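Read off the chains here:
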Amino acid sequence: MEFLSRSRRMRSLPFYLVLIIATVITLVPIVWVFSSALKSNKEIRENPLALPGEWQFQNYIDAWFGASFDQYFFNSIFITVTSVGLVLFLSSLAAYAFAKMRFPGNQMIFFVFLVGMAFPLSAKLGPLLSLMYELNLANSRFGLILVYVAGSLPFAILMLRAFFQGFPQELEDSAALDGCSRFQFYWRILLPLSKPSLMALGIFVFMGTWNEFFQALLLINEDSKRTLPLGLTAFQDEYFTDFALSFAGINITAVPVIIVYIMFQRNLIEGITVGSLK
Amino acid sequence: MAHSLNGPGQRAAGPRFRLDLMPYLFILPAVVIYVVFNLGPVLASFFLSFFRWDLLTPTTEFIGVDHYNFILNDDRFWNALGHNFIFLGLAVVIPVSLGLFLAVFIYEIRRGRVFFRAALFLPAIFSGVVIAYVWKWIYHPFAGVLNPTLELVGLGAFTQSWLGDHHIALYSTFIAYTWASFGYSMVIFLAGLQDIPTDIFDAARVDGANFRQKLFRITIPCLYDVFTFVITLRIFTAMGIFGVIYILTGGGPFYSSDVIDIYVFRMIGNFEMGWATAAAAVNTVVVVFISTSFIKWREWRSWSS
Amino acid sequence: MNMFYGSKRARRFALVCLSVLLICMLSFSAVKAQDSADILIWSLGYSGDYDDVLVERFNEEHDDVQIIFEDVLTGTFTENNQKVRIALDNEAGPHVLGGVDVGANLQALVSTGQVRDLTEYYRASGLIDRIPANLLSQVTVEGRIYAIPQNIESVGVFYNKDVFAELELEVPSTTEEYVDVLEAVKDAGYYGYTMGLAGGWPSALMASMFMYSSAGSEYIDVLSGMQPWTDCDNCLDGLNAFYGMVANGYANPEPLGIDYDQSLDLFYQGINVMVLNGPWFIAASASAEPDFEIGFFYLPAVNPATDIKTLGGIGGSIIITEYAPIDAAFKVVEWLTSEEVAVQALRDVSVIPAFSIEAPEDIAPLTYQIATETAANIDKIGFWPVTYLPPKVFGDMNQIVQGMIGGMLTPEELLSEMQEAHSTYLAEN
Numbered sequence: 001m002e003f004l005s006r007s008r009r010m011r012s013l014p015f016y017l018v019l020i021i022a023t024v025i026t027l028v029p030i031v032w033v034f035s036s037a038l039k040s041n042k043e044i045r046e047n048p049l050a051l052p053g054e055w056q057f058q059n060y061i062d063a064w065f066g067a068s069f070d071q072y073f074f075n076s077i078f079i080t081v082t083s084v085g086l087v088l089f090l091s092s093l094a095a096y097a098f099a100k101m102r103f104p105g106n107q108m109i110f111f112v113f114l115v116g117m118a119f120p121l122s123a124k125l126g127p128l129l130s131l132m133y134e135l136n137l138a139n140s141r142f143g144l145i146l147v148y149v150a151g152s153l154p155f156a157i158l159m160l161r162a163f164f165q166g167f168p169q170e171l172e173d174s175a176a177l178d179g180c181s182r183f184q185f186y187w188r189i190l191l192p193l194s195k196p197s198l199m200a201l202g203i204f205v206f207m208g209t210w211n212e213f214f215q216a217l218l219l220i221n222e223d224s225k226r227t228l229p230l231g232l233t234a235f236q237d238e239y240f241t242d243f244a245l246s247f248a249g250i251n252i253t254a255v256p257v258i259i260v261y262i263m264f265q266r267n268l269i270e271g272i273t274v275g276s277l278k
Numbered sequence: 001m002a003h004s005l006n007g008p009g010q011r012a013a014g015p016r017f018r019l020d021l022m023p024y025l026f027i028l029p030a031v032v033i034y035v036v037f038n039l040g041p042v043l044a045s046f047f048l049s050f051f052r053w054d055l056l057t058p059t060t061e062f063i064g065v066d067h068y069n070f071i072l073n074d075d076r077f078w079n080a081l082g083h084n085f086i087f088l089g090l091a092v093v094i095p096v097s098l099g100l101f102l103a104v105f106i107y108e109i110r111r112g113r114v115f116f117r118a119a120l121f122l123p124a125i126f127s128g129v130v131i132a133y134v135w136k137w138i139y140h141p142f143a144g145v146l147n148p149t150l151e152l153v154g155l156g157a158f159t160q161s162w163l164g165d166h167h168i169a170l171y172s173t174f175i176a177y178t179w180a181s182f183g184y185s186m187v188i189f190l191a192g193l194q195d196i197p198t199d200i201f202d203a204a205r206v207d208g209a210n211f212r213q214k215l216f217r218i219t220i221p222c223l224y225d226v227f228t229f230v231i232t233l234r235i236f237t238a239m240g241i242f243g244v245i246y247i248l249t250g251g252g253p254f255y256s257s258d259v260i261d262i263y264v265f266r267m268i269g270n271f272e273m274g275w276a277t278a279a280a281a282v283n284t285v286v287v288v289f290i291s292t293s294f295i296k297w298r299e300w301r302s303w304s305s
Numbered sequence: 001m002n003m004f005y006g007s008k009r010a011r012r013f014a015l016v017c018l019s020v021l022l023i024c025m026l027s028f029s030a031v032k033a034q035d036s037a038d039i040l041i042w043s044l045g046y047s048g049d050y051d052d053v054l055v056e057r058f059n060e061e062h063d064d065v066q067i068i069f070e071d072v073l074t075g076t077f078t079e080n081n082q083k084v085r086i087a088l089d090n091e092a093g094p095h096v097l098g099g100v101d102v103g104a105n106l107q108a109l110v111s112t113g114q115v116r117d118l119t120e121y122y123r124a125s126g127l128i129d130r131i132p133a134n135l136l137s138q139v140t141v142e143g144r145i146y147a148i149p150q151n152i153e154s155v156g157v158f159y160n161k162d163v164f165a166e167l168e169l170e171v172p173s174t175t176e177e178y179v180d181v182l183e184a185v186k187d188a189g190y191y192g193y194t195m196g197l198a199g200g201w202p203s204a205l206m207a208s209m210f211m212y213s214s215a216g217s218e219y220i221d222v223l224s225g226m227q228p229w230t231d232c233d234n235c236l237d238g239l240n241a242f243y244g245m246v247a248n249g250y251a252n253p254e255p256l257g258i259d260y261d262q263s264l265d266l267f268y269q270g271i272n273v274m275v276l277n278g279p280w281f282i283a284a285s286a287s288a289e290p291d292f293e294i295g296f297f298y299l300p301a302v303n304p305a306t307d308i309k310t311l312g313g314i315g316g317s318i319i320i321t322e323y324a325p326i327d328a329a330f331k332v333v334e335w336l337t338s339e340e341v342a343v344q345a346l347r348d349v350s351v352i353p354a355f356s357i358e359a360p361e362d363i364a365p366l367t368y369q370i371a372t373e374t375a376a377n378i379d380k381i382g383f384w385p386v387t388y389l390p391p392k393v394f395g396d397m398n399q400i401v402q403g404m405i406g407g408m409l410t411p412e413e414l415l416s417e418m419q420e421a422h423s424t425y426l427a428e429n
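Chains as they are written, first to last, in the working numbering: chain D, 1 to 278; chain Y, 1 to 305; chain G, 1 to 429.
One or more hints might be untrue.
[Claimed, not checked] In silico DSSO-like links for lysine-lysine, alpha-carbon gap of 27 Å or less:
#	chain 1	residue 1	chain 2	residue 2
1	G	K161	G	K186
2	G	K380	D	K42
3	D	K42	G	K161
Derived from the structure by calculation, the hints contain no laboratory data.
As the structure is a computational prediction, the values presented were derived from the model and not from experiment.
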């Protein structure tokens with residue numbers, strides 16, 4: 001037994017070696033960006049590879065208060081949280097209908113949603129811009145939320161439909177016997193029971209919305225309405241020569257996703273894999 | 001009341017047909033938002049590509065395929081589309097195989113699976129903007145880390161102008177894309193691996209199969225559908241690449257890293273809405289054609305074997 | 001299924017949803033509330049943080065009119081101009097727009113009819129006597145005035161005084177002397193010309209400057225499509241001079257691998273000795289805290305016969321949109337163009353006002369030098385030639401100039417590429 005397990009450990013040694021090297025190569029850029037944000041400009045120039053000598057937290061304070069990152073941060077939170085909430089509500093409602101109800105057009109309408117996943121983003125930009133101005137929704141956070149929700153719905157419905165289809169029919173039947181309407185069943189039973197799936201989907205949508213750049217670039221003009229990725233590009237134009245400050249800006253944009261990722265790592269990966277394998 | 005529920009196979013076969021409106025109410029909000037802000041603009045874009053239209057003047061004039069004529073005769077368009085294809089060719093090989101090997105390695109070890117999976121997936125969670133800025137700094141010719149690191153490990157001969165040389169600018173952006181995308185393939189492969197019944201591997205071990213035999217005889221065939229999905233995902237991302245290249249090179253130097261989405265965005269910025277919509281329409285057709293024919297081919301192959 | 005249990009849970013769930021919604025709506029209204037102010041200004045300028053200082057001062061001094069100031073700059077010039085045009089066309093833009101380019105861009109805004117005719121205001125306020133005639137002509141479309149030039153930018157060479165002293169170099173006044181200085185700097189192991197062309201925009205601008213200072217009005221004819229690019233020998237001379245900065249080793253290496261802002265850092269580090277830039281560079285370089293003194297001279301014209309002292313033009317101008325509340329807008333404009341505010345801007349961030357003011361002598365010497373030299377040469381300042389080019393052709397030009405610097409095109413081929421881009425555009429429109 002002792003011999004066997006040792007040989008097994010020896011056998012997996014090369015795997016560990018490769019994985020450790022891969023992890024180091026993957027993480028070095030991230031570590032480097034974080035350490036650079038704590039350096040002074042002089043240190044970054046003279047020795048880009050070295051670790052910070054004296055930690056300069058001032059860079060973060062300057063970026064946060066001096067370069068409106070507080071405003072960008074608030075906008076990103078507001079837009080992302082609202083979008084995630086709306087996507088979860090609307091997609092679960094629709095996915096329930098697609099998965100559990102029979103009605104003329106069920107298959108066809110679901111297919112129309114699926115089609116939306118195949119189009120590249122550039123296919124809708126021009127008319128979208130025009131439309132947003134027509135509806136007075138351009139250059140507004142609310143307009144951006146609607147665009148994000150519309151963009152996330154196809155995947156969300158696909159994923160939740162697959163999940164809801166796995167629900168036993170008996171559950172619904174017994175709820176009906178208790179005098180529970182379909183909306184009550186959805187609201188009181190289906191949603192609470194689907195919490196893990198909703199969580200996974202929510203985290204997935206959170207990441208996508210928080211990181212979105214292309215549509216925000218097109219639709220948002222004013223500084224006070226910029227999201228973090230957009231603010232970062234505007235910020236780079238103004239502050240590029242301040243190396244340390246731009247590293248701090250990059251970090252402020254990246255830290256929230258890292259925190260969410262560490263907290264909900266399992267849910268996120270579940271969201272990706274469940275959505276893909278079913 | 002039982003009949004208020006209309007689950008599949010439970011529909012009451014009444015004498016009179018009565019349309020149940022409830023399901024439509026459930027899907028209505030999603031349909032409205034989706035059609036107005038997603039599908040509608042896509043269809044409008046196709047439609048408007050046959051008109052003269054510039055976002056400012058309300059009048060539109062039907063001009064047939066003139067925009068397509070221009071686009072298809074524009075060298076810059078083919079240049080950009082060609083770069084998308086290069087990107088696509090590389091993307092279905094490099095991030096996918098990296099993801100596969102790392103997934104297999106993680107599957108083979110016993111301790112630290114969660115750690116390695118989490119650490120290797122980390123770059124995939126960042127915004128394209130963050131990724132691009134990180135790599136802009138890495139590639140920086142004077143303050144960056146890549147060239148000094150290469151010198152440090154004795155590969156000084158490989159130091160170069162990563163984003164300024166038109167021969168390699170596109171490939172430099174591809175490295176940034178790979179860094180950010182192999183994690184996706186990896187976690188999907190890993191999930192696929194964990195779905196393979198372990199007794200197949202046990203049987204292989206009993207038969208004395210080595211690592212390579214296991215990989216090519218068992219793992220890869222068992223992951224057939226996962227491969228289809230992972231590669232389809234790469235087709236979409238490679239054909240729609242924008243943020244990373246937009247920030248790293250802006251399509252330059254001299255269009256050497258131009259791709260379709262940047263071409264379209266530039267056209268919109270120049271008020272050339274006709275050309276922009278036509279180029280986007282061609283790109284859409286290409287993407288839909290490639291992805292559906294790829295999926296059909298995979299299905300046909302799995303049926304026929 | 002226990003319905004009581006279910007409903008209790010549902011109530012809790014609904015409560016959570018409601019409170020999230022409430023928080024969202026509250027925060028939404030909190031950010032919406034600020035829209036109640038009278039005048040919304042959009043800025044396309046680079047003065048960034050300083051504009052906030054001015055606006056804060058205005059809002060403190062005035063009770064009847066309040067300003068909201070928004071910076072709207074992201075991406076390239078053409079992208080921004082396009083965004084502004086669409087917003088104005090839909091009346092979803094600002095009341096006052098600051099920092100918009102003049103020339104073709106102003107004409108485009110006027111053609112959509114969203115810009116207020118300011119001719120009467122100019123006469124009534126006496127502004128017409130305070131702005132030099134050649135600046136005024138830049139904001140005039142078919143005899144009517146549509147914009148107020150706010151500040152003037154004259155591009156010149158900022159140089160490292162310490163290195164000049166160490167190498168015993170004199171400030172050059174002709175092209176020959178300038179080349180001698182570049183050679184001397186190169187022999188001493190420095191770079192004389194700062195170049196960062198990644199990201200596009202500086203490429204077309206810099207090549208244009210050289211072509212303009214060699215061809216003068218002929219180049220304007222080329223840009224307006226009145227003369228073929230390939231027929232302009234003087235343009236070719238200017239282009240060759242620009243290319244010479246790279247070919248002769250005067251410019252820093254890797255001009256295509258770094259963007260303009262990154263290249264400026266080479267100057268702050270003391271690796272590059274000279275940098276071509278505008279007055280905004282004074283404030284920017286001060287915050288970079290280089291450990292040497294900075295001097296300034298005008299880049300000698302490639303072709304002295306053009307009599308172009310320097311390049312530059314209206315850095316920022318103010319326009320008022322058709323739908324702006326006019327009294328409040330004029331009040332804001334009047335304040336922005338007042339001598340007191342202009343002097344404060346000159347003193348604080350070295351913005352050279354477009355309307356004639358006397359530069360006070362107690363400001364920073366470099367600012368004082370540039371302000372007085374700009375005022376003295378105001379009739380010899382050329383104007384940003386790019387404002388004549390349609391956006392598409394300007395966008396192409398950035399990439400094509402990169403092609404020349406990267407060795408993919410010769411200067412002659414650059415001109416014929418430009419000719420092709422230009423005529424394709426003209427044929428399509």
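Report task. Go through the numbered hints given earlier and state which of them the structure violates, listing their numbers in rising order. Result -> 2
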